[in-house]
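Got chain A sorted already, so can you dock chains B, C and D onto it with the hints?
Residues per chain, in single letters:
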Amino acid sequence: MDEVLFELKQLTYVYPDGTAALKNISLSIRKGKKIALLGNNGAGKSTLFLHLNGILKSTSGMILLEGKPVQYDRKSLLTLRKKVGIAFQDPDSQLISGNVKQDISFGPMNLGWSKEKVNKQTEWAMKEMDVTSLQDRPIHFLSLGQKKRVAFAGILAMEPEVFLFDEPTAGLDPYYSKQIKQVLNTIHQKEKTILLSTHDIHFAYEWADEIIVISDGELLYHGHPVSLFQQEDILVSAHLEKPWVFETAQILKKKQLLSAANSMPRSKDELFELIHSFKGE
Amino acid sequence: MDEVLFELKQLTYVYPDGTAALKNISLSIRKGKKIALLGNNGAGKSTLFLHLNGILKSTSGMILLEGKPVQYDRKSLLTLRKKVGIAFQDPDSQLISGNVKQDISFGPMNLGWSKEKVNKQTEWAMKEMDVTSLQDRPIHFLSLGQKKRVAFAGILAMEPEVFLFDEPTAGLDPYYSKQIKQVLNTIHQKEKTILLSTHDIHFAYEWADEIIVISDGELLYHGHPVSLFQQEDILVSAHLEKPWVFETAQILKKKQLLSAANSMPRSKDELFELIHSFKGE
Amino acid sequence: MKYFNFKIIYFVLLLMIVPTTSFAMHIMEGFLPLEWAIFWWGMTLPFLILGFRSIRKTIKENPEAKMILGLSGAFAFVLSALKIPSVTGSCSHPTGTGLGTILFGPFAMTIVGTIVLLFQALLLAHGGLTTLGANSFSMAVVGPVLAYLVYKGAGKLNWSYSAAVFLAAFIGDLGTYLMTSVQLALAFPSEAGGFFASFTKFAGIFAFTQLPLAVSEGLLTVIVMNFLKKY
Amino acid sequence: MLLIDKYAYINRLNKIHPAEKMVLTFFLLMFSLAVQDIVVSISIFIVMSSLTIFAAKIPFRYYVKLLLLPVFFLVSSTLTILFSFAQGDIPYSALLWRIEIGNWQIFISESNAEKVISLIFVVLCSISCLYFLILTTPVQAIFQVLRKLKVPALLMELIEITYRFIFVFIESALRIYLAQQSRLGYHSIKQTFHSLASLISAIFAAVFQRARELTVAMDSRGYEGEILFLDEYYQYSLKSWGIITGIIFLIIIVYILFGGLL
Chain A
942 MDEVLFELKQ LTYVYPDGTA ALKNISLSIR KGKKIALLGN NGAGKSTLFL
992 HLNGILKSTS GMILLEGKPV QYDRKSLLTL RKKVGIAFQD PDSQLISGNV
1042 KQDISFGPMN LGWSKEKVNK QTEWAMKEMD VTSLQDRPIH FLSLGQKKRV
1092 AFAGILAMEP EVFLFDEPTA GLDPYYSKQI KQVLNTIHQK EKTILLSTHD
1142 IHFAYEWADE IIVISDGELL YHGHPVSLFQ QEDILVSAHL EKPWVFETAQ
1192 ILKKKQLLSA ANSMPRSKDE LFELIHSFKG E
Chain B
942 MDEVLFELKQ LTYVYPDGTA ALKNISLSIR KGKKIALLGN NGAGKSTLFL
992 HLNGILKSTS GMILLEGKPV QYDRKSLLTL RKKVGIAFQD PDSQLISGNV
1042 KQDISFGPMN LGWSKEKVNK QTEWAMKEMD VTSLQDRPIH FLSLGQKKRV
1092 AFAGILAMEP EVFLFDEPTA GLDPYYSKQI KQVLNTIHQK EKTILLSTHD
1142 IHFAYEWADE IIVISDGELL YHGHPVSLFQ QEDILVSAHL EKPWVFETAQ
1192 ILKKKQLLSA ANSMPRSKDE LFELIHSFKG E
Chain C
76 MKYFNFKIIY FVLLLMIVPT TSFAMHIMEG FLPLEWAIFW WGMTLPFLIL
126 GFRSIRKTIK ENPEAKMILG LSGAFAFVLS ALKIPSVTGS CSHPTGTGLG
176 TILFGPFAMT IVGTIVLLFQ ALLLAHGGLT TLGANSFSMA VVGPVLAYLV
226 YKGAGKLNWS YSAAVFLAAF IGDLGTYLMT SVQLALAFPS EAGGFFASFT
276 KFAGIFAFTQ LPLAVSEGLL TVIVMNFLKK Y
Chain D
241 MLLIDKYAYI NRLNKIHPAE KMVLTFFLLM FSLAVQDIVV SISIFIVMSS
291 LTIFAAKIPF RYYVKLLLLP VFFLVSSTLT ILFSFAQGDI PYSALLWRIE
341 IGNWQIFISE SNAEKVISLI FVVLCSISCL YFLILTTPVQ AIFQVLRKLK
391 VPALLMELIE ITYRFIFVFI ESALRIYLAQ QSRLGYHSIK QTFHSLASLI
441 SAIFAAVFQR ARELTVAMDS RGYEGEILFL DEYYQYSLKS WGIITGIIFL
491 IIIVYILFGG LL
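These protein sequences, in sequence, are chains A, B, C and D.
Take the first sequence: its letter number 70 is residue 1011 in this note's numbering, and every next letter is one higher.
Take the second sequence: its letter number 271 is residue 1212 in this note's numbering, and every next letter is one higher.
Take the third sequence: its letter number 40 is residue 115 in this note's numbering, and every next letter is one higher.
Take the fourth sequence: its letter number 4 is residue 244 in this note's numbering, and every next letter is one higher.
So here's chain A without its partners, still in its complex pose (with noise of 0.2 angstroms):
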């Protein structure tokens, strides 16, 4: 599973009025990882995504998919496309037709597939993603939970093999960001690779494999999560703050609280599992 799957290579990434967007951005993203990206508005996520799908063009550096140059022809493209899936932040923006089967159907019938295979598809996504009892429905009548729901289920529907979220949590209640949990869960069992944008820094730390710090278009981190959290200055410098479980965890392993021989907690269960377990120093 420690394929390399993207390789950036200096990445720069310049906008026509002259603001730089992307400066000099090197990393490999490996096969079958659960990554988050994190970053400020505007630091550039949404355009590091957009270059992963070709939908940008680098102006200087290179990407490299499975050892090979990223190609700009529409043939190439429509391979590269079919491999990366984007969900956007704002599902109002990717669903816009019909009903619920017909959008998700949308990126099925591009890809050219029979009719047959088509339908199989979407049926199948709409399984995974729960929203078979909605197929029949108009998409504005859908709560915004529902559309980020449907609004995956048809990238799900195309069958790439790695899935790019933007914010995949903004804007909804607690109770539809645990759904939209448990949906990244079903998506990575498949063995898919998973890169997605968020500010719920607890969410990251307790989700990821991997963590990307972007800020002002340069790369500041990327690695594991703990030793994320362990570094100040690139806390500081990014505006990120500790997720609460870490923080927690230090201050009453400081406190002796907890046993400092105990691994970081990740979660809040793990943090809670460890004080009930913990019997004094």
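A hint or two may mislead.
Restricting the straight-line Cα-Cα distance to at most 27 angstroms, the calculated cross-link-like pairs of lysine-lysine (BS3-like) are [as the list claims (entries may be wrong)]:
#	chain 1	residue 1	chain 2	residue 2
1	C	K305	A	K1042
2	B	K1209	A	K1119
3	A	K1042	A	K1119
4	A	K1016	C	K158
For the record, the hints were derived by calculation from the structure and aren't laboratory data.
Here is chains B, C and D on its own, set in the frame of chain A:
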């Protein structure tokens, strides 16, 4: 400061298509309080706000403002809207025209103030919301966080007594969220009443004097933040989670790692302070 | 037949020079002599006043209509900035005349269309200010009126909805570009043959870009209207 | 997004009173159209382009790109005027070029060539005036002058709402376009039509939603049927009126002394 500002009596609102958005809501809102309104997407929070501003008229029940029933003729509405300022979730639907300064002056101009007063109020509101440096920019040059602050300034300039904020931090990254929270403090220092809807339970718990919970158009809770999160049944039926500060403190107390005599901490700082000063029982 | 060959040579020559993307028919700033610029402003003004009165009445009855009209202007502007593939393989920008007329009616379209033309001049440098009167006359008056008549006429003849919409958009475009040719021919009559010879030249030249565009826009308008019917 | 709009707000002349820039622009536009003189056109073109590039500091390369924008219209229209067709004999003597095919004649007459050359110069001069105005003057400043000129308030409101939401809609159109593209919505002509149509329908639906939201928001800010806000403060300056008068006099003197020379 315990004067009643708004009194809602068995307020019910049914949309023209027959769905009931508010069901028999009775509550009173006291002057000078910071009140958080919790509830899922579609619970009826926005509908409630539109009633307090006189934009929607209840199907049955009534609203009293300072003891007098709200009237819906032109003049009474103008008075009401001068008293109650509302900031919508999407600033793009609120900001109307011109540049930042001109947009902020829109409300004050409608109040029929003199040019000098309008100018003075606009300058003041820009300063309070820290947007003076943006005053000549057209709206479409602003980022989301800036738009939000401009929208707030547009309300502040009218000097209402009550501020209604519809999810003021939605869609903002932690950096801008923090700024907005500071802005809320600025406003509250002027002894204004603030009512805001949010999905950020942790923020509501830390910030609010009172919490109101609405679920499916019904009032489930109105009272102190701490006692809300002790009532598991309400939390379940409104799909609410406990704030982590609260939950952690509960567990530490149970484990006797915090003194049970301490009052519940309301913020991260309070919790960590308690942990620091813990001496063992 | 020989007459035809000329035109072909002439057009092939032109096609070699023209870029693949062209904007819809806007007479550019400075192209019309002063007297014609003023003349077309004069022709447009009565229609603007008529349109203005009509929308003022609508807005009095329904204040929200003001927002809808203003937003429609923004919608039409964005629409005209989209690129649609033309049947010849190149790309072009739709005029939105047909769609706008079907959605808002010809009177509102006069005002909305003129506002859009104003912004195209101010924000995109397409068209111009002295030529705004002329452009407005062809695009916000003649085009919409023709589109409206065709749309209603086809309805009376019990033609299918799609056919009515297609023809309205197609004829709206065609009418616009023929009107523009008239305006140019009036300002620049040919030495040999006067207005008519000149009109033939302009109309022939613009047929190359505008006919395929009119077909594309007709098709697009049909699909859009079918989408909107579902809402 | 729209670069002309951006430059209008950030250029070095953006604080100059819009009425001053409009007076200069419209006077020169009208004058060049009225006299149709090559020397005058060249002079105005030089003056206005210099103001745009050197005074307002619009990047030279961008300005040149803008000048090339209307080339298609200019070339196709002027060629159309340049060539004449006639059946049988040509009644004119002063011809620059002529070809005879069958009983048809294609020719370029001297007077037509002159007309076309003068037209090209007038057009260049006019667009330099237009570009000066739109690159140096924020649209909202132009609106302010239009309001002072008593353009009906309702019309101005429509214009302002349009302007404000052009940007909102461009942004949503762009988002939708990206999302469609990432799901392969533009990979064949048929798909392109389908995707474009659904994009257009989505924006159209947004018109009504926004209209509703905007009405509510404006009501809640005390709106009573007319959009009012503070005018932006621009100061008339003696210096710019001096420069404007100077330019106008210069152009008139050029016309009197050298008019008709070329």
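Evaluated hints:
The suggested pairing of K305/C with K1042/A holds, with an alpha-carbon distance near 15 angstroms, which does not exceed 27 angstroms. Simply put, K1209/B and K1119/A have alpha-carbon atoms about 23 angstroms apart, close enough for the 27 angstroms limit, and the pair holds. About 24 angstroms separates the Cα atoms of K1042/A and K1119/A, which keeps this hinted pair within 27 angstroms; it holds. As the CA atoms of K1016/A and K158/C are separated by approximately 22 angstroms, the hinted pair is consistent with the 27 angstroms bound.
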